[in-house]
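Number of protein chains: 2
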Amino acid sequence: MPDNETAFRALLDHMAVTSDLSQTMAVLSWDENTYMPDGAAEARGRQMATLATVIHERLADPALAELVARLEDAGLPEDSVEAATVRQARRAVDHASKLPASLVEALSMHGARARSVWARARQESDFTSFAPELARMFELKREEAEVLGYQDHPYDALHDLHEPGSTAARVRDVFVPLRRELTTLVAEIRDAGSQIDDALLRQSFDEAAQERFALDTVTAFGYDLEHGRLDRTVHPFATSLSKYDVRITTRYQRHYLNTALFGTMHEAGHGLYEQGVADEYYRTPLEDTASLGVHESQSRLWENLVGRSRAFWEGAFPRLQRTFPEQLGTVALDPFYAAINRVQPSFIRVEADEVTYNLHIILRFELELALLDGSLSVADLPEAWNHGMQEMFGITPPDDAAGVLQDVHWSIGLIGYFPTYSLGNLISVQLFDAAVAAHPHIPADIRAGRFGTLLRWLRENVHRHGARYLPEELLERATGSGLDAGPYLRYLKAKYGELYGLS
Amino acid sequence: MPDNETAFRALLDHMAVTSDLSQTMAVLSWDENTYMPDGAAEARGRQMATLATVIHERLADPALAELVARLEDAGLPEDSVEAATVRQARRAVDHASKLPASLVEALSMHGARARSVWARARQESDFTSFAPELARMFELKREEAEVLGYQDHPYDALHDLHEPGSTAARVRDVFVPLRRELTTLVAEIRDAGSQIDDALLRQSFDEAAQERFALDTVTAFGYDLEHGRLDRTVHPFATSLSKYDVRITTRYQRHYLNTALFGTMHEAGHGLYEQGVADEYYRTPLEDTASLGVHESQSRLWENLVGRSRAFWEGAFPRLQRTFPEQLGTVALDPFYAAINRVQPSFIRVEADEVTYNLHIILRFELELALLDGSLSVADLPEAWNHGMQEMFGITPPDDAAGVLQDVHWSIGLIGYFPTYSLGNLISVQLFDAAVAAHPHIPADIRAGRFGTLLRWLRENVHRHGARYLPEELLERATGSGLDAGPYLRYLKAKYGELYGLS
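Line by line, the protein sequences are chains A and B. Heads up: the first sequence begins at 1 in the numbering used here, then just goes up one per residue. Heads up: the second sequence begins at 1001 in the numbering used here, then just goes up one per residue.
What the hints contain is simulated information worked out from the structure, not anything from laboratory work. Incorrect hints may have been included.
To be verified - Listed next, the stretches of chain B that the computed footprint assigns to chain A, with coverage defined by at least 3 CB atoms under 8 Å from CB atoms of chain A:
#1 1022-1029
#2 1036-1048
#3 1218-1227
Backbone N, C-alpha and C fix where the C-beta goes; we use that ideal spot for every residue, glycine too.
Work the whole structure out from these sequences, hints included.
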C-alpha cells in the first residue's frame, strides 16, 4: 500500500491528464461556437462524444476511486490544499461513477431532442408541443437527483452540481426577503412617474468602434489578451481552455450600445476570474472555480458595480464621446448614466435591468422547485408563470414565447441552475463592499480609470483560490459573512432611489 | 473466436474512436496555428502531448493488433475495401507498437530543441551552432529507421511514412532523368536572353480585395465553405478536422500579388482532396489520403496546371482587372501571364518557380540520403549544398541562411519527406493529362471558368478513394501508368519553351 504522499502524487498525475482532456473538450466547444463551419456539426458532435467517453472512463476508473478513498481516510488537515484537492476529486469521481451510462445517454439524447422541439415551440409560441418533452426532462432529472442522492429535496442534488454546498432551503432563505423587497422597489419605481429615456443608446454605432472601445475597457480592467481573446458570437460566453487561455465572446448591435458594451465587461469579468486562478492549481482539481454563483459574481461586479457606476463613467465617458462624437458628443453624463441604468419591467430575462433581473430568477426557482417535487404539473406551468409575472412585475406576457418558453435551459436539463445568476448578483455586492472597506480609494480609482487595487483584492480573495473553498466558505473568508441579500438590496435602493427620486 | 465479420466490425469500432481523437488533435493544432493566444503555447503543448498519448495507447492496444492479425489471415479478397482497411490499420498499429516510447520522446524533445537552435542559427547564418543538433537528429532518425525496418536503405523506412510503398531507389529512378533535363532547361532559359519583368505583380494590392478574389476563385474550383474556411496565418496550410471540416489558410503580401493568389489555390487544392474522400470512409482507416505526394499533386494541379495556365487567365484576368483596376486595368494578358510564370534560379525553395522548384528538392534528397547512410558528414553539408546549387542552378548562396539553413524540416526530423513535393509535381501533370484525355473540353471549360468536369474526374479517380490504394496503384488506375517524369518534362518544355522562345 502506498504512503499518503505517493497516493496524493498518483491522484495528481491522474487528474492532470484528465484536466488536459477537459481543456481539449473546451477547445472543441469554443471552436464549435466561433469558427466551425456549419457542415461540420455532426462530426464535431462525434468528436465531443468520444472525448467525453474517454474523460468519463478516466474518472470512473476504480483505481482513482481507490486513491480518493484512501486519501479521505488519511487524516489530511481539514483546511489543507490536499484535503480540498481530494474533496474536488471526490465530486468528480462520484458524478462519473454514480450516474449509470444509460441515464447519461438518455439525458443527452432527450436534451438534444427537447431543445429542438423547444426552439420550434418558442418560434410558434406553442407550449403544448413542448410540454411532453419538458415533462420527460423533469422525470429524467428527478431520476438523476435520486441517483446522486440528497437530504431534503431532490432539487438539492441538481443545484449542488452548479453551486457546491448550497441547497434549495438555503436559496429560499435569501430569495424570500429578496422577492418581497424587490417587488416593492419595482412598484415604487413604476409609481415614481419619472421616466428615463434611453434613446441616446439607440443611435447607429459603428461595430468596429464598439469593439475597440470594449476591448480598451476590459484590458484596462486587467483582462489579459496574451492569455485570452475576444471573438464575436450570437450567444456571448467566456470559456477557459486552461487558465493560460481564457477566451470571451460578445455580440454587437449597431442600434443599441448596451449589448456589446456591458456584455463584453460581463464576459471579461468571468475571464478575469479564470485567468486569476493560482498557477499552482493548474492541471489539478482546484483549477476549477468555486461555483457558478461565484463566477457570476465576478461578471456582475465588473459589468454592474464597476461598469454601470457613475464613478466609472465620470472617467470613461469622455473616451466614449471621442469614440462616437456625432452620437454622444453633446450628451451630458447624467442622462447617459440614467439611460444605461433605466429600469423597465419586461418579459425577457436576458434584457432585464439590475432591479428586475432577480425577480425573473426567483420566478424560475419557485417553478422548477414545484415542478420537481410534483406540486406543479407541466400542464399548469404557463398559468403559474403568468401569475408570477403579474404578482412580481405587474405585467402579463402576451404569449408563451415571451413567457415560459423564453429560456433554453430547462429543455437541455439545466434545472437547479437559474438561482446561481441571482446568487452571483448578491455576492457581487458583498465582495465589492468588502473590497471598498479594505481600500476606500477604490471608487476614486475607478473614476480615474485605475482598476489595479480592486483586481488585486479579487485575485487575492477570490480568483487565486480556484475551487479550494466551497462558495459560502470563500465568501465568509473574503467578507466575514455568509450569503446575504442585505448588501444587494441596500445597493439597489441607494442607486435607484437617487435615479428615480424615491423617498 | 469471433468470425471475420465480427472481427472486422470490432476493428472499425476501435478505429472510429481513434479517428475522432485524431480529428480532435487536428482541431488543437489548427487553433494553435490560427487564433490561440501566445501565452497559451505551453498549456497547448501539454494538451497535445496528453491526447497523443491517449491515441498511442489505443493504437498500441494488443487487442487491436490481434484483430488486425486475425483479419490478415482471414483471406479477404486482395482488392477489397476490407483488405485495404486492414492494411491501413496495420500501418498505424505497426507505427505505434514498433517505436519504443523512449525513442518517440527523444525525437519529440530533440525536435523541439533542434528547431529552436535552427531558428537562431538561420537568423545568424551560423551553421556551426546547428551542426551538432542536426547530427543528433540524423542519429535518432537512423535509429527510427532500424526499428521500423527496411529492405535496401534506411531512407526507405522514413520515406515510406509519407509515401507508402515508395523507396529511395524508386525516387532515384525518376529524379536522375529529372535532374539532368531540368538542369539543361534552366541553363537554356538563362541563356535565352529574354527576361520577363514581373514588376506589375509588385504594386500595392489591398489585402481584403486579394482575399475576396482568392475566395471567389477557390470556391469556383469547388472548395466548399460549408465544410471549410479560409483564415490568415504566417505559414499557410490545409488541414482536415474531418472530411466535413477541411480548413485552409493563406497569407497576404500587400506588395506581391502571387503569394495569396497562388498560395490560396494551392491550399484549396489540398482541401478539395480531403473534402472529396468518400463519405463511407469517414471514421475508418481509409479516410486518410493516399500519400503526401498524391496530396501535393492536388495542390499543384490547381495552383499550376489550372491557376498558372493561359486558359485560366483568359477567363479570369478581366475579373482580376476589375478587382484592381488602377494596378492592372491597362495591363494586357500576355505580360501578366508571363509575369506569373517568370523563371528565376534563386536560393530559396519556397519562392521557386515551376521549372527550378524540383531541383531544390533533388538537392535535398541527395543530401539527406548521403547524410543518412553516412557517406556525407554533417560538417561537410554546407559545402555539398553549395556545390549542388552551383551544379544545378549555376549560383552559389551568399551565406548558409540562404542555403543549407533555409528549411525547418530536418531540424524537426522530417527526413524522407522532401521528395513528396516533387512526386506531387510529376503526378499532377500525369493526372491532368489523363483528365484532359478523358474530357478534351477541360481546357475550354477552364477558360470559361467552369471546373466541374475536372473536379469530378479528380473526385472519381483520386479523391474519393482516400487511402484505399497505395499511391502508385492509384496512379496506375487513374492514368494507366506508374510514376513517370516524362509528362512533367514535356509540359515544362512546351510551356516555357514558348514563354522564353526556346527552339
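Results for each hint:
Against chain A, the segment 1022-1029 of chain B contributes 4 residues with a C-beta closer than 8 Å to a partner C-beta. That satisfies the three-residue criterion, and the hint holds. Chain A is given as covering the segment 1036-1048 of chain B, and this holds because 10 residues of the stretch bring a CB closer than 8 Å to a CB of that chain, at least three being needed. Against chain A, the segment 1218-1227 of chain B contributes 4 residues with a C-beta closer than 8 Å to a partner C-beta. That satisfies the three-residue criterion, and the hint holds.
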